[in-house]
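*Asks:* One-letter residues, chain by chain:
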Amino acid sequence: MRITRRKAVAATAVAALALTLTACSSGGDDDGAPVDMADKMVGAMEDYGVGTSFKATEPIELGLMYRDHPNYPLKDDWSVLKHLEEDRNVTFDVQSVPLADFEQKRSLLISSGDAADLIPSTYAADVETLTSGGALLAVSDYLDYLPNFQDKVEKWGLQEDLDRLRQADGKFYVLPGLHENPKPSYSVAIREDLWADAGLEDPKTWDEFADQLEVIKEENPELDYPYTERWSINGPMEATLQAAAGGFGTEAGWGYGDGVTWNGSEYEYTGASEGYKELIAYFADLVDSGLLDPEGLTQEDDPAKAKFTTGKAAAIGSNDQEAVVYRTGFEEAGDKDAKVKHLVVPAGPAGNIMDATTGGQFESGIALSSNAAERDDFVALLQFVDWLYYSDEGLEFAKWGVEGETYTKDADGVRTLADDVDWGGLNAGAPKMLNTDFGYYNGVFSLAHGSTEDLVKSTLTPDVQAFLDEMNKKDVAENGPGIAMDEMQREEASLLQTNLQDVVMTATSQFLLGERPMDEWDAYVAELESAGMQTYVDTVNEAAGVNQ
Amino acid sequence: MVNIAPTVDPADPAGSTAPDLARPRPETTTIKDTPGYTVFRWVNATVLTLVAAITLYPFVNLAARAFSSEAGIRSGAVTVWPIGFNTTTLMSVLEQDLFWRNYLNTVVYTVVGTAIAMALTTTFAYVLSKKYLKGRMLLVGFAVFTMFFTGGLIPNYILVSELGFKNTIWAIVVPQAINVFNLLVMKSFFENFPTELEEAAAIDGLTTYGIFFRVVLPLSKAVLATMVLFYAVWFWNSWFPAFLYMDDPSLYPVTVFLRNIIAGATGTGEGLSDIAVQIGANVKAVTMLLTALPIVCLYPFVQKYFVSGVMLGSVKG
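Quick note, the sequences are listed as chains A and B, same order. Each number in this note's numbering corresponds to the 1-based position in the first sequence with 4 added. Each number in this note's numbering corresponds to the 1-based position in the second sequence with 4 added.
The reader is advised that the hints may include incorrect statements.
Calculated lysine-lysine pairs in the BS3-like style (CA-CA distance at most 27 Å, straight line) [stated by the list, open to error]: (1) B:Lys170 with A:Lys309; (2) A:Lys221 with A:Lys345; (3) A:Lys208 with A:Lys316; (4) A:Lys221 with A:Lys340; (5) A:Lys477 with A:Lys208; (6) A:Lys79 with A:Lys44; (7) A:Lys345 with A:Lys86; (8) A:Lys478 with A:Lys159; (9) A:Lys159 with A:Lys477; (10) A:Lys436 with B:Lys288; (11) B:Lys288 with A:Lys79; (12) A:Lys79 with B:Lys135.
By construction, these hints were calculated from the structure, which means they are not laboratory data. Quantities reported herein were computed from a predicted structural model and do not represent experimental measurements.
So that you can see chain B by itself, here it is in the shape it has in the complex (with noise of 0.2 Å):
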């Protein structure tokens, strides 16, 4: 496996100053920054915080137009700071009870779907990449098949619903178990195990089961570290299950909830009033804003294993 490890430094040049006590003395110092390599690093720190700032504007700007006035946002001048500070849109939808219950579903759903999910596709990527095991290719044929062919909306609506799973959270974290994307990367990563070490494992007196939970698992955490997270967001920004198979509001998730808000502000204006003209001007903003937050504060807890795990792995001899 390629070792693709990221060593980009993001520290700035200025850091090098910072006084070392084992440095030698400037007579005797034979690697010396270059001027090149000096103006290089400018260059880079340069680019870097440009990428950053172009990678980052949108983002901000979406926070600055959420808290603009409807006249600053409509005159087009928001860019990294609101214009006409306010906080209406933010507080008429966050002052809703049904957002708070929604909210609390999504974190649910989110929850109980992620753990779900990566309980059965952990084991079924497992199993999948033995190639011992007899009719091996049947079980890759029959999750692939599913990539490419599904029963259509209206069948699976009526399975759903016959299966009793309607207006219960199983509709939603059951059929979206097992994402077979996720499941043939988790495949080919426990293909790539190396068998020494489950060999010496048998050795010493485990089960398979015992393999599988106290040594495969646990030197596993980089590609379960990231197929959890696919996971958390693709829950968390589902809305399509829980919108077909849910028939009270009070069971949505916040996506939803927000998606109808959305549709409320921008289709026709049935009881305008200046708060609703506010509303409609940034609600976007608003709730991109809201359910972006968490996921986006999960990525600096989830990002460590990605370095860490492509270290893992590696065999002697």
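The shape of chain A in the complex, shown without the other chains (with noise of 0.2 Å):
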């Protein structure tokens, strides 16, 4: 290549700048010791624990950013805030963020140190390169006093995933919303009305539900295609890829990740392993023999919607939400006859089993500012993240509100909203919203909606609580160890996962649509070699301390 003048003066910029920018990265403090607690006590509860309903001693007003969705913009005189006012002495000054490109302000915000106290609707890894800046607080030192936390890990199992959250410092800089079971939510959905017709069930392997569908376009001459996909604006048909990944023993689509698979002794490269490879070659093979329409690979989900919708074709990628959407879309077409069917994901060759990201237990979380620390009532605040966020108590008042107000609770545990409430059609035709006029099942005081299984299991209808309870009959993937890489490795492993997730998408989408052939794969993964797949591989294993 020759170098032109402005290629070189283009080049010495680029150093330069990437100098600054180190430089900037390595002023962080390092010292992890907690601070002393005892004049921090401010407003904080003497005797807080499990069980204890939270009051701060005296008013305290906590900094919060505020993640501002547009469907339910925040109002000054909602009653949640009402009542953490009048019940709980917390007010809060709010750092307002706009839903969309929220992330984008959150890091700018944390890496210029002006970010709030509080930082919900945060996922550990959205902050994971921001935590050598120094600006967020290691929250794993304070443990101690966030009981409901700690309470609600140990119960639930979750402490071996928390203890993944640890970055190279060993600390943990998110506190995870938690789950008390996996709450998967993408499938497919099938005309449940043409499969009833045809004397099928609902297909329990994927194998079954190849051969359905070839039913299917047999019985049914009028479908375009029996079987149509969505999701796919940045890759092909994304959230069933991942549904069905863990059937394969592999992960893909949007739970592709960090493109490592842990196969129960090290990592292996997810996109060239045999797992991945079966996946795309069973969707490649229904796209070959006509089954899977074509354009459901790079078709945008409204114009997949409308060929599901209007009887194009009889099968689409689907969510418990989106389940509803496809109901009403029939009704609005006047189509009476149509069924909706959210299938339990079919089980694969590897078994029955969900991905590692979908059978997780953490939501998005919160994280805190160092400054919090410095507040001299920061225990206050802690004790006060810790009822709302993990309490029952909490967790319940933030999804539902106050009893007699929002909602009542007959003698035997069952919840109902108020006559003049509605929250995603349970109430159809109240004039209020939960969210819009009173701020309650709002994802930032609610960050897992619920984390028990009764209480998110509370406002889903019957037929999404069996899904979910036939879903968890499925095993989980192992997880591997975690994988805590210093800032170098870092550095290195994303420049070459760049590189190797960019061949692996082009890959998936080329032999799914068959413009390259299946036995082109060893060609492929020779082609993941030369982009530095084992170098990736191995600098992955070194930090998640694996031996090789």
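Using the hints, build the complex out of the two chains.
*Replies:* If you want it as structure tokens, here you go:
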């Protein structure tokens, strides 16, 4: 390559920039010792523990980075804010961030040290690269002040998962939202009526599903294709690939993640694994035999939905909420015979397994700004976080509101929304909405929308509950040990992984669409190898402490 | 300067049938439309009409979608006329107080921003256009440097915060006040401004400021109108600085508000109701319509300066 003067100038500039960035990121202080808490007890309860109903001993005002959802924009007179002030002595100094581009502004605020004390709606992975700057608090140092969190982690057996969040410095920086049980949602929806007409039952395995599609195609010649797909904007049918991946013993689609899968003794590269090959071959075969609509691998969601709800396809990727949307679609189109069934994800050749991401029990969580630890009411802040996000009382309050105001509870513990309150069609036609008008069922105050099985199911329709029960009978793929990379490793790994993932995603599309025959698989693996696959896998295994 | 005034006559050929009293008697007509020319004019009209239709179609389609029902949109049948006419989405956007407050903000930010930008850009450009100015290239380089290199997001954010601009209009209008591209366009316009006119004005006793305000600016309406339009559109559409520097929804311009609505409508449907489904289907169309209309209405009024302006600046001799 000829190096022109312009290129040389550009290279110098990039180098200078990189140097500046490196200089910036090495400024964090690395003392991890918990601060002395004796002088930070303002407003804190002396005897706070599991089961204690938190109330600050004097009014405290906490900084809150508020992710403003346009479907329920923040209102000052919300019941949730009123009750937190009156019953808990807590008010907020709100730093409002619109939902659109929330991640970007959150990163900016954290990086510039301007973030509010409480940073909810945040996944550990979102802020992984921001922790070295010292702007986020290592919450793992303060678990003693979070009794409800610890209690749930222990009761629900999440200690191992929690340790996986630890970074190279042995600390973690985000308190995850917790689920008592995994909450899978994505699968394939089928036209139950067509299946019944053909005398078919729900498919138990993916192979059975393929055979059924063949039958459906024969019996219903008016279909363009028996099966179409969606969620293909960034890559082909990412939702369904993820949902199916577990059964093939691999990870794919949205669940592709860092591109490595634990095989029981070490991490191996997902895109080159046998399971991934089988998964891709399965769906490529569906396309090849005219069962899966090739447009489904590239089209946007709206045309995909239209194909399904106008009867041009008999199956489509789905989740528990979208299944409702399909039903509404058929109703509006005046199609009264159509019935939609959200399938339990069929099992695959590797067994009846969910991939580790789908089977995970962590939701988006809450991070704390380092500034929070400087406050003289820091302990009260921790107690409040623990109460609101992790105590049974707090979880119920954040999701359902206040008994007698927004809901009632009968002797069996079944909650019913008040007559004038609706949420998600539970009380269709009521004039007020639980989130819009009261501020409850709000991701900012309710990380996992209930956490406990009881609360999670309390707002789900019976068929979604049945779906969850059935899904949770699956095994969950084993999650390997935590991959705690230091900054150098992370930088190298992310460069490699970006390239590798490009290769994988491009090839995945090509294989699925039949642009590339499956017998070129070895050539594709060779491409991965030359893109540095082995180096990447070695780095991961090293960071995970796996001896090779 | 090459004169490139558009001479396309959009009038339809049928207009030539209007009675013309000065027209020569038919038997003495020497210049008559040849059949070929008539055909040409018809073809011309057809092609131009087609081009206009193709250009307008997306916008009309957008307007149609804005008033169509969700089922109509989903079926993909909406073309130029709404199917299942309704104003659910429009009303749901319009009935929010925040929408109007943010719309007002946009107007204020646009007007103030454009005013400040015009003041700074014209004066800076005029200075840069004077070839006898010492250190001129340094100043030009200073401006051009910022075209290629910026401090980066976080340093900029810290700078603006430390200046105390956060949650004020200044965070939006000051950092954007000089667009270097506009500055350079203006600079070359001023460079081509006849020095004779300025010399004449100087001889008549005007100071530098007098020349600038009383001679140069009045004769530069073309470039000023263009720049006002550029800046106004820029400030009108701008959302990023507001998104960065405003922590309070009541300070957002309407672009941030609408962007957030779209995110809510396309994101995970928390508490999805029928209305939400309808809104999700055409909120993009409605919002684009709402933001584009005012600035589209501005064009016809500014456009005349583009045409007349090109004629200006000619000097005898």
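*Asks:* With a cut-off of 27 Å on the C-alpha distance, tell me whether A:Lys79 and A:Lys44 pass.
*Replies:* Between A:Lys79 and A:Lys44 the Cα gap is close to 31 Å, so the pair fails against 27 Å, i.e. violated.
*Asks:* Run the distance test for A:Lys159 versus A:Lys477: straight-line Cα separation, threshold 27 Å.
*Replies:* Since the Cα atoms of A:Lys159 and A:Lys477 sit roughly 19 Å apart, the hinted pair holds (cutoff 27 Å).
*Asks:* Tell me if the straight-line CA distance from A:Lys79 to B:Lys135 falls inside 27 Å.
*Replies:* Violated - the C-alpha atoms of B:Lys135 and A:Lys79 are around 58 Å apart, more than 27 Å.
*Asks:* Hint check: A:Lys221 vs A:Lys340, CA-CA at most 27 Å. Holds or violated?
*Replies:* Roughly 21 Å between the alpha carbons, so the hint for A:Lys221 and A:Lys340 holds.
*Asks:* Do the alpha carbons of A:Lys221 and A:Lys345 lie within 27 Å of each other, as the hint requires?
*Replies:* holds (18 Å)
*Asks:* Please work out if B:Lys288 and A:Lys79 have their alpha carbons no farther apart than 27 Å.
*Replies:* With a Cα-Cα distance of about 24 Å, the restraint between B:Lys288 and A:Lys79 holds, given a limit of 27 Å.
*Asks:* Are the Cα positions of A:Lys345 and A:Lys86 separated by 27 Å at most?
*Replies:* violated (42 Å)
*Asks:* Checking one constraint from the list: CA of B:Lys170 to CA of A:Lys309, max 27 Å. Satisfied?
*Replies:* violated (43 Å)
*Asks:* A:Lys208 and A:Lys316 were given as a pair; does the straight-line alpha-carbon distance stay at or below 27 Å?
*Replies:* OK: A:Lys208 and A:Lys316 at ~24 Å, within 27 Å.
*Asks:* Does A:Lys477 pair with A:Lys208 here, judged by a C-alpha cut-off of 27 Å?
*Replies:* holds (13 Å)
*Asks:* Compare the distance between the alpha carbons of A:Lys478 and A:Lys159 with 27 Å, and conclude whether the hinted pair is satisfied.
*Replies:* Between A:Lys478 and A:Lys159 the Cα gap is close to 21 Å, so the pair holds against 27 Å.
*Asks:* Take the C-alpha atoms of A:Lys436 and B:Lys288, compute the straight-line distance between them, and say whether it is at most 27 Å.
*Replies:* Measuring from Cα to Cα gives roughly 26 Å; hence the hint holds.
Hints 1, 6, 7, 12, counting from the list given before, are not met by this structure.
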